[in-house]
Each structure stands twice: as C-alpha cells, then as structure tokens.
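Whole structure, please, built from the sequences with the hints as guidance.
Going down the list, the sequences are from chains G and S. With our numbering, letter number 126 in the first sequence gets 126, and the count goes up by one each step, no holes. Residues are numbered in our numbering as their position in the second sequence, beginning at 1, plus a constant of 1000.
Keep in mind that the hints were calculated from the coordinates and are not lab data. Please note that a few of the clues may not be correct.
Reference listing, derived: stretches of chain G covered by chain S, where coverage requires no fewer than 3 residues with Cβ under 8 Å from a Cβ of chain S [as the list claims (entries may be wrong)]: (1) 26-39; (2) 42-53; (3) 73-85; (4) 199-213; (5) 236-248.
Residues from chain S that keep clear of chain G, each with C-beta distances beyond 10 Å, as calculated [claimed, not checked]: (6) P1018; (7) G1040; (8) W1051; (9) A1056; (10) P1057; (11) G1071; (12) M1106; (13) A1111; (14) R1158; (15) P1165; (16) D1253.
These figures come from a predicted structure and were not determined experimentally. The beta-carbon is built from N, C-alpha and C at its ideal position, and this holds for glycine as well.
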Amino acid sequence: MQPRHLVDPHAHFHWAGSRDDFARYNASRLAAGDRMGIRVHVASILGSWGRTSPTYFASPGDVTAGNDAMHAIAAAEPARVRWWVHVNPNHGEHALVEIERAAARGAIGIKLSASRRADDPLLDPVCREAARRGWPILHHVWQHRRREWPMQEASDALELARLAARHRDVRFVLAHIGGGGDWAHTNPAVADHPNIFPDLSGSGVDRGMLDAALAMLGPRRLLWACDLTLCTGLAKLHALAHTGIDQAALDDVCWRNAVRLFPAGALGLREDGTEVDA
Amino acid sequence: MTTVRIPVDTMAWIGPYPFRELPHPEPAVLVRVLEREGIGAAWVGAMQAPWHRDPAPSNAWLRAQLAPHAGVLHATPCVRPDWPGWERVLDEAVARGERAVCTYPMQQGIAATGDALPALARACAERGLVVRLTVRFEDLRQRHWLDAAGDLTAAHVRALVRADPRVHVVVGGAGKELLEETHWSLTPAEQARCWWDWAWLWGPPEDQFTALVRGLGGARFVFGGHWPLRLVQSPIAVAALGASDLPAVTYADGDAISAAARAASVR
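Right under this line is the structure:
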C-alpha cells in the first residue's frame, strides 16, 4: 500500500551562512526526496543554524537572512519547495514584519522554534497573524520536557496545548513526535485539542510510536514528515502500511491532512488528490 | 529504490523492556518481521537480561522461547564477566552451537579498565564466540529516569577488541562520533575484527552512513535492526537511500563473522 502523494511539511534547508557544504546538503535532501516520492517539501531555515546566533534564539538579522535564503530556495524550486517563515517571538515587531515580508514572497505558514515557551503571551500576536492569514504554525516541541535543556527554551505538548486553547482558530503542527523526549506523553496531552496536529518526523523510530498516535488521535490528526532525517521518514512511511490503517487513512497522514492545513492550493493539490494546476 | 540483501540481523531481542511497553516482543512476531523484510535469520538476546544481576535465568528463558524457531532465531545469551562461574555461559553456548554472546558493561557496571572485559575477550576468542555489544537501547533524551546507565563508551569497545588478537566484536547502536573515535583508535588488524551496525547513523541529507561506508568500507558494517525497540525498516531505509551513492558495496554478513570467529579460535 502506497500513498497517492507524499508531502513533507517539516523540512529544513541550509545556506551559505549556516554551513559550508550547504549545496551538497540541499541537493541530497531533494534527491532523496525524489527517490522517496516526496512531491513537496515545506521547509524553513532557522537563521544561521547556530553559526552566528543560536539556532533556537536566532538574532533578528539571522532570522531575516535565513528567511531570505529560504525564499531563494523556494523560488528556485517552485515545483518541489514551499516555505515556512521562521520568526523569534522575543523580537515581536521584527517577527510581524518578517511575516508580512514573507507573505509577499510566497510563504505559507509560520515556524516557531524554541525561542520562547509556547504558552507565553509573547506568542499571541504571532498567532493572531497566523489566524488572520489562515496559516498554520509549526512549533518545535520537546516531547515531555522534564527539565530545561541548554541552548533552547523548549516547550512540550502541554505548553503548546495551552497556546492552542487560546487560539482555537489557528492550526498548530506539533513538531516531530520522534524528535526527542517521551512521545507517549504527547498523545494524551493533545488529544482534546483538535487544532493540534502532531507530525511524525524526527530521528526516533520506536516501535509502538505510530500505533499509539493512530490509536489515540486517529489518522486525521497526524502528518507524515521527515525533519532532519529522511531515512527515518522513509522507515515510518513503510511502517505505516503495517499499522492496520486503510488507504484513505494512509493518504490522510501522508498528504491530505497537509493539504487541509495549508491555505487552499498552496501545495498544488486538492483534497481529492488532483493537481490544482491540472 | 535498491534493496540491500540482509542475510542476518545481528541485533535483535525478545521479551519485555523494563521502561516502556513494547508491542508484541514475541519470537513468532520477529520471525514474521524477518520474513516480511527478507532477512534470513537473527541473533536474538533477552530484552530483560541487561538489567538482571544474574543473567542465567533469562538465558534459560531465551533458549526455551527460541527453541521452536531454531534455524532462524539464534539465541545470543547474556554474559556478565564479573559473576561467579560466568565462563559456563560460554561453554553452554558452544555446546549449543550458538554464534555470539551479549554483554552490557554499562548496565552491569563493568568498567572499561580492569580485568573483566579482557578476560571476556580471551574466553570468547578461545571458544570462537562473537561478542555482541549494544551502545544504547533508547535515545538519551527519552530515557526513563531510573535508566541511568549511559551509553557504551569507545574505551569499553577498545578494551575488548585489543585484549585478544582473535576476538570478534559486533557493536550495535553506535553514533557517528563513537564509531569514528573507536575505529581510528584501533590498529588495522584490530579494526578488522570489529563490526558496526548502522541503526543510529543517519542517511540523507546529513549522509553520515554514506560518508562512513566510503571512509571505512562496507565490510566494516553489518546489519542490526534493534527489534523490538525500533522499526527494523529504519536501517533498511538508510541503506536503500544510500544505495545509489554506494554502488557495488558489500556489507558484512553475521554468519561470516561467526565463521571467522570460530576459525580464529582454532588457529
């Protein structure tokens, strides 16, 4: 059983300001994506990825430069790449300016990393802007954060749920249930928050993770994705077919939920699987 | 996508895990998974053994569980080289025709320095048994607060590999840094007796696996699936995605490693 399409709503690229071999890295992502059948990568760049300011506390200048680089990649790859505009809510006015600037350049959602706890009021203006534009927010999440970790102010599902409860008109993608921490904690934390959609990405490939998410949240709430490791994305794609879900549910997880989340036509697909331009 | 031929999964377990629920960790399910993925056989340990003080009961349980699946699932008993009479585990393994034994220095409190690991290396080398090591069972970020053992260190691997020129060691779950530290801290002859699985190496776009295979050679790598903890599809996916960049690479085969260990023991 194969999905009709494959969309990766949690992708990243690099640029000259973040690593020297950025061209190889980006080409590797696109080539592997082609081999896997990924139709669209919805990607972001987190500033300089730590080179000139911390990845999760990117300076305004690095945020802008990263977004410029991300726009350039999307413009060069219009068939395969869409983009999230990354903002740091500690710099609120700059964040809103970046969103406005990115909207004019084709961004289709907002990426929040770990710059400020998810339930902090500083995120509210960003969420209101997402609601106004009908954009989803992809929020970096540490699954069951039991302590502070260095170089980030990570949030877990409970904290994102508090934000989602304040902004019921915004759709939140909870990043990478396989991306670190205890994924078993996340499902019950977001079960009663229908505007939260966990993505399956991350390097974690624990047996039971997909089954538990499907059992508690159902296929309409989950998004197949890769993040930094396409290999684990491919493994989860193959494993999904053995979870007992049917073709319609597999299509929901692998692309149709993404089509529903983003503004109409943004991924070049309709919910019935036909191409917007066809 | 190209598929990679996998004769043996050298890193599998059955049984319960102390820190979270594992779906269906039964041997019959493992046999079905191997068949589905086209894997011929597996070296199988008891999942609970690393946390038991005396591994003997879990070894007996393991052998009983695997008996109906002989020929596909090969018991890989646990040995704790600071426990009285530990050599008997090895003698029974030889008598039963088993290929490898597992040891878990971090969980068993075995230091990288000291006599225990060299003694284990010599004893396994004399008997032609492969030593199987596991760097980690779970990502550090998700571990239970009572699981405080930490990851296996390069010093532990070095201590084993250097202790006897005949010992053969398979290491599962190493990340790029540990693998490189260990490999390049060994002589070429020592490197040739140490194999690595790629279950915790990443494919595109970071391409750790491709870079390491190019640098160290495919012969240093052997398949380990880490079932029932992890999706066995993951290392298969890594190899499949790397296949176009690694044409004609041949990976090591667990059966061949075992045969080499037996041959070395009689030299």
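Tell me, which hint numbers fail for this structure?
Numbers 2 and 3 - these are the hints that the structure violates, sorted from lowest upward.
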